[in-house]
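Peer 1: So the protein sequences, as listed, match chains P and S. The first sequence begins at 165 in the working numbering and counts up one residue at a time. The second sequence begins at 752 in the working numbering and counts up one residue at a time.
Nothing false has been slipped in among the hints.
Under the rule of at most 20 Å between Cα atoms (straight-line distance), these lysine to any residue pairs were calculated in the SDA-like manner:
hint, chain 1, residue 1, chain 2, residue 2
1, S, K1016, P, T327
2, P, K442, S, G973
3, P, K303, S, V843
4, S, K1031, P, R299
5, P, K305, S, L1025
6, P, K442, S, D969
7, S, K1016, S, F1006
8, P, K442, S, R845
9, S, K1016, P, G331
10, S, K1016, S, L756
11, S, K1031, P, V296
12, P, K305, S, P841
Some chain S residues close to chain P (C-beta under 10 Å, calculated; not the full set):
hint, residue
13, F834
14, V843
15, I847
16, I849
17, I851
18, R858
19, T972
20, P1012
21, T1013
22, I1021
23, P1032
Simulated from the structure, these hints should not be mistaken for laboratory data. C-beta atoms are modelled at their ideal positions from N, C-alpha and C, and glycine is treated no differently.
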Amino acid sequence: MYRRKYLQIIGLVAAVVGVQLAASFTNTTHHLTQLTMTGYYSLVIVGLCLLMGYAGQISLGHAGFFAIGGYISAFLTTYNLLPYKDRMFVSLIAKTGMLVNRRELYGNEALNFHPWAACIIAVLSAMVIAYVIGRPVLKLKGHYLAMATLGFGIIVYRIVLGTESLGAADGISDMPGFVLFPGLEISGKSSLRIRNYYVAWGLVIISVILLVNLIHSRIGRALRAIHGAEDAADAMGINTAKYKLNIFVLSAVFAAIGGVFLTHYNGGIGPSEASIMKSVRYVAIVAIGGMANLWGALIMGSILNFLSLRGYLGSYDDALFGVILIVIMLFAPEGLISRDIIGNIRALFHKSPAKGPL
Amino acid sequence: MNIELFFQYIVAGVTYGTIYAIVAIGFNIIYNATGIINFAQGEFVMLGGMTAVSLSTFMPLPSAIISAVVIVMIIGALIEVLFIRWLTNPSVLRMIIITIGLSILIREIALFIWGEGVRALPYFTGTSVTTLSVGDVHISPQVLWATGISAVTVIALNLFFNYTLLGRQMRACSSNRNAARLCGINTRNMVTLSFTLSAGIGALGGCVVSPMTYVQYDSGTGLAIKGFTVAILGGLGNSMAAVAAGMLLGILESFSIWIMPTAYKDVISISILLGMLFIKPSGLFGSAETSRLKDF
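Build out the structure end to end from the sequences listed, making use of the hints.
Peer 2: Have a look at this one:
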């Protein structure tokens, strides 16, 4: 059991390194740009997989958390505080060392939040929002839960779309790079492509290790019990409400981190990142991967996001996701990468005569 | 604010409220028959409007509308037969995802057929500038058409569910499916019928409001969300309450423009939805006693 767990992670590391080497040898490092973005989306997906597959709670609003992370860090690192330098609040923040002076694109002085400070504030905000929203929302089930999370996503989308200081329909652009530490900067410069690829997938690997350990712990077993039968789990003494809320917050944090990093990598963010279609897409990928199947979600997510980002799916992008959702849910609700799939297909074609008294 | 403006806002609110109520009734019919929420409900409205616009180029308006409604009803029935009928005991999560997938698919097909353009049916009587004036309040005749046709639809539905054998069978099926089956009702056909009916009502709504609100390939999603808000607000499954809740939400929205920018209009209605879900998920008109027996 444990050996298999580590073998899988070693496999992931090998795949990440292998893809980079293959890209470098075949001179197709430009593919790494999309792969880096895919990596950040994968963070959202593994988080959502934990929530949907293991805790059994659907969320149609995860793009909202992604956007909260992205937008807050984008806003804080680009909003010029120089005119307010002498206000008490701003000078207080400046004393804590969270602000940096920098030169904007056209040479103007600007006083912004340091990307690290912005990142931490963004992730903490997502956490708090997830906690506040999650408490009442997770009491709901089924359609009500789906609709409440969808509603949350739409509210975030409408707010970023309608707010002038968040760039309205244009979003925020011209963000500075995020210097993690000297020598390692997250930005879209092509010279930093390989490093950024490893930052993104390094984060994915760390999250996967975290989640795999979580799933194989007492918490993971409790979650599966909740998924199986919530009332039964409750009766066994599992604090279902607490577990559900914690997992919701955790998955929101994953989404927000993905949002922060991808926004820095792209140098900006637009309202489409918060749209319902994005949330649906995340759900679709988790469903295709097989709900309670972290590896399935990761593999399918990487493939589909990469294809979609490279533009291979053309204008049929959304339609394809719709078809995939329907087909998977009709024929293989356990996901594509599952042991039962062949049996399912076989069962479909060989309808055995009904057994039993009916 | 003067009294004329006040009434003008009310009229605008009622107009939108009618549309929301129609979508909500569509939700409720399917929900009652199957216990699932059809996330593609808004797409029926869009399909109705779009089909009628296309048909109206070569046939008179009334027959275009009727044919559009019939076509969408057939589509609704087909969807049920192809995607829903043969699933045995699907989980709620599975049904949510399937209907979301359907809504995306229908939208993309509509984009493929009709493009991104915004379309509208001609006004049923007069033109876009014709108004009936009551005092200083101006009402477009189309508003009267929309509210009138919706009212007739709601009354007809009520009669159907209460006084016809088929309607009673559908109600029996919704209150206890197994018992209905034991009484010899073909519950599967009732589900198909509910999809057909709900598609037809959605399509009719789409035709009636399209002169005022226009239709576009993606206008279904927004309507579905509003319709769902209204359905929840009234209490899921209760069609008459949905009408009241629809008016309420429409009027609230039209007054919200007063205090907040229009861009945030949706934020208001969805905040109402969330608030309702948190405080009283059984809806404004749902009884607390029956809701204790239900799972929210």
